[in-house]
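**Student:** Sequence:
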Amino acid sequence: MIWTPHVTVAAVAEENGRFLLVEEVVDGRRCFNQPAGHWDPGETLLEAVTRETLEETGHFFRPEYLTGIYHWEYPAKNLTYLRFAFGGHLGTRDTSRALDAGIIGPVWLTPEEMAAREGEMRSVMVQRCMADYRAGQRYPLELLHMV
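Here full-length UniProt numbering is used: the first residue of the sequence shown is 1, the next is one more, and so on.
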């Protein structure tokens with residue numbers, strides 16, 4: 001068997017003490033996640049997080065720093081995820097844009113609201129990314145190199 005980890009990106013965006021999340025349906029379950037998705041061939045990680053945020057929320061996103069890199073094993077499906085989470089500037093929302101399949105829509109939650117709904121988060125990575133962001137973890141984008 002060939003091991004093929006899933007490389008994903010996520011956007012952490014805050015406005016007025018609330019964080020942008022996406023309500024979505026995954027495996028028949030409603031849950032919350034940061035705007036996130038898979039890194040596609042031919043794009044940079046920065047392009048991927050910008051694209052995913054636009055596709056899932058209609059918001060334009062400009063990544064400004066790396067919040068963290070996360071490794072998570074999803075035993076129910078025998079999958080490995082490697083997530084690159086980025087903080088940055090959230091632009092306007094294009095409300096005419098159709099969102100990705102399975103996306104109910106963007107929602108804004110406070111950290112307290114997120115904690116109260118912990119069991120509704122898509123994975124443990126959602127809360128971990130948020131905790132690192134709130135702790136002030138900011139790494140320069142220059143850490144990422146294309147060679």
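Honestly, the hints are just simulated from the structure, not real lab data.
Check before you lean on any hint, since a few could be wrong.
Here are the in silico distance ranges between beta carbons for each label pair [to be verified]:
1. Leu144 to Thr80: 28 to 38 Å
2. Pro75 to Asn16: 33 to 43 Å
3. Thr4 to Trp108: 29 to 39 Å
4. Gly28 to Arg138: 34 to 44 Å
5. Thr80 to Gly28: 29 to 39 Å
Remember, it's a predicted structure, so these values are computed and weren't measured experimentally.
C-beta: ideal position from N, C-alpha, C; glycine also.
**Student:** Which hints, by number, does the structure contradict?
**Tutor:** Numbers 1, 5, in rising order.
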